[in-house]
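*Asks:* Build out the structure end to end from the sequences listed, making use of the hints.
Those protein sequences? They're chains A and B, same order as listed.
Residues in the first sequence are numbered consecutively from 237, following this note's numbering.
Residues in the second sequence are numbered consecutively from 237, following this note's numbering.
Just so you know, these hints were derived from the structure itself, not from any lab.
Keep in mind the model is a prediction, meaning the values are calculated, not measured.
Do not rely on the hints blindly, as some may be mistaken.
In this list, chains with the same sequence are indistinguishable; a pair is considered to hold if it fits within one copy or across any two.
Below 30 Å or equal to it, Euclidean Cα-Cα: the simulated DSS-like pairs (lysine-lysine) are [stated by the list, open to error]:
1. Lys383 with Lys404
2. Lys383 with Lys264
3. Lys286 with Lys251
4. Lys410 with Lys298
5. Lys312 with Lys404
6. Lys311 with Lys404
7. Lys410 with Lys383
8. Lys251 with Lys404
9. Lys240 with Lys312
2 protein chains.
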Amino acid sequence: MQEKIIYVVGIGPGKREQMTIQAEQVLKMCDVIVGYTVYVDLLREQFPEKEYYTTPMKQETKRCLEALRMADAGKKVAMVCSGDAGVYGMASPILELAKDFPEVEVEVIPGVTAALAGSALLGAPLAHDFAVISLSDLLTPMEQIEKRLLCAAQGDFAVCLYNPSSRKRAGYLKRACELMMTYKSPDTVCAVARQIGREGEETQILTLEELKEFQADMFTTVFIGNAETENIMGNMVTPRGYRYERGQ
Amino acid sequence: MQEKIIYVVGIGPGKREQMTIQAEQVLKMCDVIVGYTVYVDLLREQFPEKEYYTTPMKQETKRCLEALRMADAGKKVAMVCSGDAGVYGMASPILELAKDFPEVEVEVIPGVTAALAGSALLGAPLAHDFAVISLSDLLTPMEQIEKRLLCAAQGDFAVCLYNPSSRKRAGYLKRACELMMTYKSPDTVCAVARQIGREGEETQILTLEELKEFQADMFTTVFIGNAETENIMGNMVTPRGYRYERGQ
Numbered sequence: 237m238q239e240k241i242i243y244v245v246g247i248g249p250g251k252r253e254q255m256t257i258q259a260e261q262v263l264k265m266c267d268v269i270v271g272y273t274v275y276v277d278l279l280r281e282q283f284p285e286k287e288y289y290t291t292p293m294k295q296e297t298k299r300c301l302e303a304l305r306m307a308d309a310g311k312k313v314a315m316v317c318s319g320d321a322g323v324y325g326m327a328s329p330i331l332e333l334a335k336d337f338p339e340v341e342v343e344v345i346p347g348v349t350a351a352l353a354g355s356a357l358l359g360a361p362l363a364h365d366f367a368v369i370s371l372s373d374l375l376t377p378m379e380q381i382e383k384r385l386l387c388a389a390q391g392d393f394a395v396c397l398y399n400p401s402s403r404k405r406a407g408y409l410k411r412a413c414e415l416m417m418t419y420k421s422p423d424t425v426c427a428v429a430r431q432i433g434r435e436g437e438e439t440q441i442l443t444l445e446e447l448k449e450f451q452a453d454m455f456t457t458v459f460i461g462n463a464e465t466e467n468i469m470g471n472m473v474t475p476r477g478y479r480y481e482r483g484q
Numbered sequence: 237m238q239e240k241i242i243y244v245v246g247i248g249p250g251k252r253e254q255m256t257i258q259a260e261q262v263l264k265m266c267d268v269i270v271g272y273t274v275y276v277d278l279l280r281e282q283f284p285e286k287e288y289y290t291t292p293m294k295q296e297t298k299r300c301l302e303a304l305r306m307a308d309a310g311k312k313v314a315m316v317c318s319g320d321a322g323v324y325g326m327a328s329p330i331l332e333l334a335k336d337f338p339e340v341e342v343e344v345i346p347g348v349t350a351a352l353a354g355s356a357l358l359g360a361p362l363a364h365d366f367a368v369i370s371l372s373d374l375l376t377p378m379e380q381i382e383k384r385l386l387c388a389a390q391g392d393f394a395v396c397l398y399n400p401s402s403r404k405r406a407g408y409l410k411r412a413c414e415l416m417m418t419y420k421s422p423d424t425v426c427a428v429a430r431q432i433g434r435e436g437e438e439t440q441i442l443t444l445e446e447l448k449e450f451q452a453d454m455f456t457t458v459f460i461g462n463a464e465t466e467n468i469m470g471n472m473v474t475p476r477g478y479r480y481e482r483g484q
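*Replies:* In structure tokens:
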């Protein structure tokens, strides 16, 4: 009997090199690649011989169900996600919907999420305790997002913000910065990374006060330091504390 | 003139396959591999022809300085870290110490940190906003760790705990669970992942109440759900919210 399996694969931020070896192995051996149109287009060139199934944004459930149906029919399916498969990715909805496909095994292949890829570009902003928060209120009540922003600021976490803005949510980053300033200094070292791992990749270091006025778009990932984060020669660096043992 | 460069490379949790393609490319082309003895031993077999420099734990500053000196002398150096290069990794101390080596360029290569690799094994525990907290008080005051635990619980973050225990810190995980229960239900779905990506890899799902009595060791990563996290057929799944659009 053939094993029925669906892989949920984090393909990293964009460049092939930022994919794990395991992710590439899975994509090589699968029959069908399923995903959001924009991410799948990054793969077509590398894997031209595959069957593809794509849906636009906001049709994730349809995409997941179709992927599970194809796996149930005996095809080896790879559902691809930008970044990691878990972090705001498709592993969660696939595992929920897989309840109705008891013969299909789900295997999650992790990847480098934007928080880590952006960090590497900027230096080491998330080198100590950190929180990741999405500003999208499409599936989360705004009150819950605001509460998390306040709690993360109160705990002096370094923070990475996903989905800081879109056409419909122009003022959200400004509001987030204002909330953070309840507990964080306006001088807190912050940064933005845009188009991570893709054409037009760019970064900028700025203060929390400046970030408040920054016009982010949907390709931007935002980093907010903790009280000890520094700008060291153009890098955003949150200390682990090793500085205290320099005497060694 | 030869370019002086040091790469800080996240090699993922352990298995070669969980490394990024880029990390492997860098290790292939570098002259010297520097790191903590245990992680470097994972690489010796794959790259037997390299020069190696290792130091035991707690000698990170010495290791960083030696790596920077070697880069300054013209060798292509890869400083390797388990998981990601930034998350509790060596990117931060290298960037701090690199101030004294102005000719040496630092390039950070991200990797799959234990929070993501463990998540993939467990299902999708970190599929919504999450916080990563280390329970090690070697370089962080315990009051700050406790405050962060409370703030993360109050914000109903899913939480990943690094360094939950060691010989000297046997009761720390219990204390962390007690603090979390100020805001989180004792029934909260939690999990532990041990030896992620290595021999003896194992996971277990349990409630926050049960986690309080769990004996973690230094090879354990701990996951604590948010209020909506479920145990779905043995997987720890935090919803993104897609369930609400099932009607599509």
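*Asks:* Let me make sure I understand: some of the numbered hints might not hold for this structure. Which ones are they, in numerical order?
*Replies:* Failing hints, ascending: 2, 4, 5 and 6.
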